[in-house]
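From just these sequences and the hints, can you work out the full model?
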Amino acid sequence: MKTLDKYDVNKKFWSTLTLLCALLPASFTIAQTTHVQILAADIIERDPSISDASRLIGDVKLGFGDAILTCDSAYRHEDGEFEVFSNVVVRQQPSTTLTSNYAVLFPDEQLITVTEGVEFQHEEMHIECNTMFYELETKSVYYLERSKIIEGNRTLESDYGTYRSASDRLYAGGNVIMIENDDVIISDSLGLDRNDKTLLLFKSSHLNVGGAEIFCRQGRFNIETGTGWFSGDASIRDSGGMLAGDSIAVSRDDNYGTAWGNVMVEDSTGNMTVTGVYANRWDDNDIVKGDTLQKAIATNIENGDTLILSTDELMRNGDWLYATGTVEFSQDSFAGMGDSLSWNMEDDEVWLLGNPVVWAKGDELRGDTVVMTLSDNKPSSLSLLNNALVLSVANDSLQNLISGKRLDARFFNGKLHQVDVTGNGNVEYYLLDDPANISINKATCSHIRMLFNEGDVEKIILLTSPDGSIGPADSTDEQKP
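Residue 21 is where the sequence shown starts when you use this note's numbering, and the numbers rise one by one after that.
One or more of the hints may lead you astray.
The calculated label-pair distances, taken between Cβ atoms and stated as ranges, are [what the hints assert, rightly or not]: (1) Lys479 to Trp302: 51 to 57 Å; (2) Glu366 to Trp302: 19 to 25 Å; (3) Leu471 to Asn444: 17 to 23 Å; (4) Glu98 to Ala60: 19 to 25 Å; (5) Asp266 to Ile481: 56 to 62 Å; (6) Glu384 to Ser362: 19 to 25 Å.
Worth flagging that the hints you see were computed from the coordinates, not collected in a lab.
All residues carry an ideal CB built from backbone N, CA and C; glycine is no exception.
Shown next as C-alpha cells:
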C-alpha cells in the first residue's frame, strides 16, 4: 500500500491548478509521457506476498526526463509511478534542486509531489514548505500551504502560489508578506518578476518602500527604479505629503506623481488638503485641476479655524499657492471671490485680483486689487488698492458707502476693527437712531478713519481737509454699488 495515495495526490494537484488559474495569467499544459529509468540501486526486489510493487533499496538513482532523483529507497508500481523515501534529492540542470523526505513521481504528467521538509532551490531563490508540486517540463512549482521564499535580502511568505523557472516569475496569494531590507509589502495577491524586480499587484496591497507608503487595489511597481502605476483608492504618502486618486502614477527617483479621478493632495504638515479631478506633483510643486462639475477645493486648517478655497486650477510652488479661474474662499463670516489669487503661505499674505470682492460680516469690500494678511486663517489686515469701495447694510433698503483711492483695514479676532481710506475719500453713512427721521452723514476727506465695535461703526474721523454735512435722507440718497 502506498504511503500517499497517488489518486489523492492527483486530485489535490488539479484542485491546486484550478485555484491558481484565478490568480495566474499563464496557462498549464500536459507534457508528453516520460518514463522513469532506474539508474542505480543496491537491491531491487519484489515480494508479491507484501506488495505488487518492486522495491529499490540503497543509493537509489532514477532518471526522469532531464532530471535525476536520488533517495534511500523507493517503490516502483505496476503503472510506472514511483514512491521514494528519505533523503530525496531532485536535480535538474542547469540550476534547480528539490529536496524532501518523501515524494511521488507521476511520469504521465511529468509531475513530482513532495512532502516533509521540502526545500526548492533555483539559482539564488530558495523555497521552504511542507508540500509542493513540481512540474518538470516547465520547471514550475506549486504550493497550497504557507510557504517561505528567500532570495538575497528578500523574504516572501504566502498561503499559496507558484513559481515558473522559465519566466522567472513568482505569483503568490493569501496574506502575502514581502520584506526586503527596510521595505515591507503586504498584499492579498501579487506577482514578482525576478529579472526586472517588477511587482504586479492584483488585489488590495500596502507598500512601504523607500520611505513612501502606498495603498492600492491593483498596480504595477518596479522596486529598483521606483516607478509604478496604482489604481483603486490609490494613494502615496511620503515626506512631501500625500497624493491620492482613482489611479496614480509615480516615479520615486524623480519625485514625480500624477493622479486622476477623485484626486486628493495633502501637504507635509497635514494642514492643507486639496481635492479635484486631476493632480500633478513634482519636487516641491503641486497642480490640482477641477472641471465644470467638480472644482479644485483647498481646505486649510490652523488652530481649529478652517479656510476653504474653490477654483478651476490650483498650483503650489514651495510656500506659494496660486489659484486661477473663478476663485472663491470662505472662513467663518469672512469670504471673497476674484479671477485669480496668490498666497504666500510663509508670510500668510494673500493677493486677490480680477474684480475682487471681499465680505466681512455683512460688509462688502471692492477694489482693483485686494491684499490680505491672515493669522490662523483669520484676516488680520486688508488693503483695497485703487477704486476702493466699502458697502455695508444700513437697513433693508439703504447702504452705507465708503470710497477712495486706497483702503486699509485692520481686524481683531477676525472682525473689522479699523478702516483708513486715503485719496479722494468719500463717506455716506446713515443715522438710524430715529426710524421716522433718518439722516445721512456725507463727508469728503483725503484721509478718513472709521472705528468699529463688534462689526458696527462706532466713530468716523475726518483727518485731512474734511468737508461734510448731515441732512435728512430721502429716496434719492439711497446708494447703489
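Item to complete: Any hints from earlier that this structure breaks? Give me their numbers in increasing order, please.
Response: Violated: none.
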